[in-house]
Amino acid sequence: TILKYVQFMQHGVKMASDGWARMSASLGSVERLVELHNFGHLMDDEGRPAPRTAAAAPPPTAADVDADGSVVAASGVSVEAPKWHSIGKMTGSFRLVDCVCSYPYKTDVTVLHGVSLEVRSGSAVAVHGAS
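In short: position in the sequence shown from 1, add 296, done, that's this note's numbering.
The hints are simulated quantities; they were obtained by calculation from the structure and are not laboratory data.
Predicted model only: the values in this text are computed from it and were never measured.
We put the beta carbon where it would ideally sit given N, CA and C, even for glycine.
Please note that the accuracy of each hint is not assured.
[Unchecked claim] FRET-style restraints, in silico, Cβ to Cβ:
hint, residue 1, residue 2, range
1, 301, 424, 40 to 50 Å
2, 307, 396, 19 to 29 Å
3, 394, 310, 51 to 61 Å
4, 414, 330, 34 to 44 Å
5, 326, 301, 30 to 40 Å
6, 302, 331, 36 to 46 Å
7, 330, 417, 22 to 32 Å
8, 343, 388, 29 to 39 Å
9, 389, 319, 31 to 41 Å
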């Protein structure tokens, strides 16, 4: 009987642990969606920007700007704590070169490893993983 009780308790703890792991894995995705919404990058069904909250943080500026107006994230740059301030409306293409980053709450685990991509003006790209 004690063995059955221990198995019952172990099953409950395992289920709770699995649920917590799934919730934690989705936290980064939810945070990014909130950022996109607050920055005005999410559109409603009619193609208009979704309304932003009053407490929306301005866009990040961890990038350099090329002479042609393209935004380029510098390769090998490590940003400890991003500084947020408004940079206004940006135009032109966006290019990441050899990007490596992690979530602010899990800095010991990198989620992008040497990613390079270019997004041309007027287009949108979503990068997502298993979470």
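For each hint, the structure was consulted:
no.	hint	result
1	301 <-> 424: 40 to 50 Å	holds (42 Å)
2	307 <-> 396: 19 to 29 Å	violated (40 Å)
3	394 <-> 310: 51 to 61 Å	violated (40 Å)
4	414 <-> 330: 34 to 44 Å	violated (26 Å)
5	326 <-> 301: 30 to 40 Å	holds (37 Å)
6	302 <-> 331: 36 to 46 Å	holds (44 Å)
7	330 <-> 417: 22 to 32 Å	holds (25 Å)
8	343 <-> 388: 29 to 39 Å	violated (21 Å)
9	389 <-> 319: 31 to 41 Å	holds (36 Å)
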